[in-house]
Structure formats: C-alpha cells, structure tokens
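Participant: Sequence:
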Amino acid sequence: MTIHSTKPHLDAAHVRALFTTMLRIRLFEETCAEAYSQQKIRGFLHLYDGEEAVAAGVIPLLAPQDRLVATYREHGHALARGVPMGAVLAEMYGKAEGCAGGRGGSMHLFSRDHNFYGGNAIVGGGLPMAVGLALADKMRGTDAVTTCFFGEGAVAEGEFHESLNLASLWGVPALFVCENNGYAMGTALAISEAETDIAAKARSYAVTSEVVDGMDVVAVEAAARRALQSIAETGKPYFLECRTYRFRAHSMFDAQLYRPKQEVAAWRQKGPIVRFRKWAVQSGLLHEDDIAAIETEIKAEIAEAVAFAEAGTAEPVEALERYVMAPERPAPPPVTTPGKMFETTYRDATKAAITDALTRDDRVFLMGEDVGHYGGCYAVSKGLLDQFGPDRIRDTPLSESGFTGAGIGAAIAGMRPIIEVMTVNFSLLALDQIMNTAATLRHMSNNQFGVPVVIRMATGAGKQLAAQHSHSLEGWYAHIPGLRVLAPATLEDARGMLWTALEDPDPVLIFENVILYNRVGDLAENAGPVDIDRAVVRREGRDITLLTYGGSLFKTLDAAKALADDGIMAEVIDLRSLRPLDMDTIRASVAHTHRALIVDEGWRSGSLSAEIGMRLAEASFFDLDAPLGRVCSAEVPIPYAQHLEQAALPQTDSIIAAVRRLMEQQP
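Those letters in the sequence shown? Residues 1 to 667, per full-length UniProt numbering, in order.
Just so you know, not all the hints are guaranteed correct.
What the hints assert, rightly or not - No farther apart than 35 Å at their CA atoms in a straight line, the calculated lysine-lysine pairs in the DSBU-like style are these:
no. : residue 1 : residue 2
1   : K236      : K270
2   : K278      : K7
3   : K270      : K201
4   : K236      : K7
5   : K463      : K382
No lab work stands behind these hints: they were computed from the structure. Bear in mind the structure is a predicted one, so any value in this text is a computation, not a measurement.
Taking the hints into account, I'd like the entire structure generated from these sequences.
Facilitator: Here you go:
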C-alpha cells in the first residue's frame, strides 16, 4: 500500500475521527468492566484503557487487504479495525452471535471479513504467524502489509527474536507494533530486561525501528504513516515501539499490588484522550458540543451492542465438536492399478513426493533447517534447491518455533508450506505453535480460518543417537485435537501421503521413522496419492491381530512370518493414521481373530498403545478371548550403546514372545 502523506492532515473531520475512535474504545471497555463485575463476561478480561492512541493511530491507515494480528488485549484493535461492536461483545459473553461464535472469548476475537486474525493468549505467540502471513503476501507479489501488535512482555520470549530475525532475513512486509506499557503483567520492564530500549533490540536484527510517544495519537499516526510508506517502498519490515501505559490492572482478575496508585493517577492526567481532547478544543477543531454529541452516539451504539449480546443465543451442546477439523475434506483418492515397478528407497520416495508437490502446485514450498544448501539432515531434499530455487526451498535458522509459526501463518494465508523439523525432539521447541495455533485456530475462530500446513519430522531410534535424538513422540501429538497425525511405513505411503496431506484443509503431521530412510523396495512408476484416513491390513491372519505403525511395521511382519512357521497365523495391521485412529478396521480384525497385540515404539506409560487398548476394551471386550497385550519401548531414555539401544526397543523376538504368551491364554 502507498501512504500519500507521511504527516496526518488534522482537519476537523480527521480530528473528530481520531477522538471518536479512542473514546469509543474507552467507553466500550468501561461497559465491559461493568459486565465483568456482574459475571456476564468470565475468564480473563484484559482492558486496553490508556493505550487507545496506539490502535487509533495505526489501524485506520491499513487497507482492507492488509492483515492484522493482535494480542490478548485486543478489544481496541478489533473495534478500530471495524469488527462490529455487537459481535465483539457477544463473543465476550460467549454467545453464538459473537465474532467467533463464542468459542474464543475476550482473548480470541476473529473476523475473516476484516482480515483480523485474532488475539493470542500466549505472550508473543502471534509474532511468528504474522511473519508467515507477510511471507505469503511477499511470495504472491501482493502489496498487502501484515501488522502485528504485542506488548513489551513478549520481548523476553524467544518468538520475538526468532520472528524479527526471520522477518528481516526474508524481507517481509510486516509492521511490528510493540505497545510498551511498562509492565508485562506485574513485573516492570526494568526488572525483567537487561536492555530496556526495545527498539534497539529490533535494530539489532537490521529492522528499521523508532520509538514514539504512545499517549499521543498524532505522533503514533505520523510514525505509522512513515512505517507504512517505508514498507511500501522497500518491502521490508518496520518496528514501532509505542511507549504507553495501561491505567487498569493487567486483567480484571489482577489485584494490582505491584505499582502505587499515585503512579497510575499521574499517568491518567496525561492520558491519550484527555491530552487530545484538550488540544483539539484549544485548537478550535472540536467543541464541547461536538464531544457531547460524539459521546451520545457512542453510548447509543454501546446500548445496542449490550442488547445484542444479552439477546444472543447459546451454541447448542450438540455443536461442541464442530470445527475441530474442517467440515468438508477432499474425497479419498481413487485406487489406481500399479504400473511398471522400479526399485528405490524410502528416502527417494519421500523426495519424489516433495518434488511432485512443488511441480504440481506453485503454492507449495519447503522450509526448514538445512533443507536447501545442505540437502536435508537425512538427504531427503538434496538437489531440490538447484531445481526450485531459494524462494521455494527455504533454509531457515535454528529457530523451530519461529519458522514453524511462520509456516503456519503462510498456510492460513493460502500457501501450502511443507515444514521440515529436523528431528522430533526439536519439535518440542515449536510445540506452542503446533498445539496453540495450528491445532486450535479453526475451532477458536468458528471455522473462519484453517491451517492447511504439513509438518514433516524424523522420529524413532536405532541409529545410536542417544537419549536426546531418539524419541518416538508421535503418540504425544496424537493426543491433540485439531491435528491429523500420519506415520508412513511403506514406500507407497512415503510417496503418496504427502500428496493427500497437502490437499487437506487442516494441519497434518507426518512422522518418518529414521530407520526406514535407507529401506529399499519396489514402487510403481505411477504411484500417486493414498488415502490417509484408513489403516491397512498388511498380512491376513486368523489367530491374533498385531497392530503397529512406522518403523515397527517390518519387525512385526517378520514376527508374523516366523509365527506362521509354527502354525500361528497373525494378522498385521499398519495403523498409518494415528489421529484419527481407524477403529473400524481395528475392531473388524479383532472380531475375527479374538486376540490383539499392539507394537508401539513409544514408551508404555501414557502411550498410543494404551489408547488403542482402552478403545478395544470399551468397544470389543466381548470379542476378546485373551487379555490385550502390547510391546513398547523400555521406560528409559534411549541409551547410546548399541546393545542397550536394541534392548530398549521393540524387536522381532520380543513381539514373537508376546504373541506366544497371548496364544497360551485360554478363552
């Protein structure tokens, strides 16, 4: 966007608009505070009282196509952006007519119609998303700007530093607005930060930055105009530190014992509304009659909003599970007859899937640590940088939360990123972005925003990488609603699951077991997408069902083959999808074998095997002729020494022994 003047034009109409925007926020929040005291608004309520000049000075300058990411103190941002007051208040009341259907509440206001991507209850959590939204616009060549608001408390978070670095490194059109009110929650900035000049921190990442008096709406607007003009001319990010003050407590739940009342009173005397009103009246641009009329108009709007919210309806309990995932998904791909076969590896099948996706869809790009110049930690993306270039094979810093969040933001904006997290243990550094943004956004926004992102990560043990690089955490992620979790074991699935996952409207996590990358097998030349919803019977049997996935599949098949020599015919099911579980296929198998053993490389306690076992106990108890069994990893950090590592993991011999014990059980 282009700002035609970097100076505000302070005629009577513009002065009235600035004053009205600030007073509208203030009076609305006074009503919210009263509603909170009456328990009509529950949970946390973070008021913007004292900071109105920031929203009023920045947001009206944004174009409709520009994107806005707020923080949990976002009522002022939503109102300034044009989200209807009634819809905002109804959301805070938890009503179905709210701007997020009552699913988000005060801290999570959303409006797709206004490109308002909501508040984030995780301090600094919206910063990576904003980088990704801006990255999507940069890659598409649009002139949109993403503006991200956050408090000074976020500056201590890793996401702040990771996001500023990425934004500068990639030159994305993002405006970062830090509303520095002096207190993160109850801790003053000087107590929590060794360097209290926040703009200086941004400059350390080569981001153009400036400090502005956040209590002066004209100064804020002038700075925002300069920032937006700079972004329009350079395409690069800009940082504003708006030094302001919140007159109320951190939240209505806060007793506010950490600062003296005299301090608050002194700041109120130089508050943005008092200050601007005095200047406008003295300048003759506003008169007391004008102010009275404005106040009357706002109070009438608030009364209508209150009536709207109080007349709102409750979402029916029957709709509780609606929008956890997209209500509509593409149909499963048709089954094709395999063509000519050729020998390849699991690694190359995965690479072929990525290559095909990049060729087929220009929205797709691969991002992650060392995916480009290095070729990937496991050489999966070797050569792709030369083929597709650095824009689509995007090397990232070692900042898992930052680049995962950026990929999530790009997906929300319509791109189809493939995020590669080098190993599953590194994904824990991005867990906040995966769990609190990717998995929740559709539900919290009432289906206004989806996150069609694919995250690939290497998992498992067996390479003598010791305790910190040998985790099998896919069962942890399968615990989280809003995610789809896949574990391809065969070459066909390594080749085809990515295709289907990229067409899914929700976040898909793909776990590739490290022990499989070198596995050799035959693959059809016409191999294409595969169904990611269904388990597959890899070997038919009549005596016992063996349930497994990923790196344990071939050990289990070997065990089944050895058992067949002794007349025990085991049916082997490859789960493939860990969330959701295909319980229909599992139950059907158990119904005719009457025994079940689960092989899971995760630890036994709280494992995926425990979940499957409990579901079978609930639904298939009377089909069972023996207790349920399982073979899991030993409950130890995975050791380095090879013999100890192998002893800690499920092995063919231990699977065979467990089956024999179950077969000895009499019905």
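Participant: Are the Cα positions of K270 and K201 separated by 35 Å at most?
Facilitator: With a Cα-Cα distance of about 27 Å, the restraint between K270 and K201 holds, given a limit of 35 Å.
Participant: Is it true that the CA of K236 sits at most 35 Å from the CA of K270?
Facilitator: Status holds; Cα separation ~34 Å.
Participant: K236 and K7 were given as a pair; does the straight-line alpha-carbon distance stay at or below 35 Å?
Facilitator: At roughly 21 Å apart (the allowed maximum being 35 Å), K7 and K236 satisfy the hint.
Participant: Straight-line Cα separation of K278 and K7 no greater than 35 Å?
Facilitator: Roughly 21 Å separates the two Cα atoms, so the pair holds.
Participant: Given the hint that K463 pairs with K382, does the C-alpha gap stay at or below 35 Å?
Facilitator: holds (21 Å)
When the structure is compared with the earlier hints, no violation turns up for any of them.
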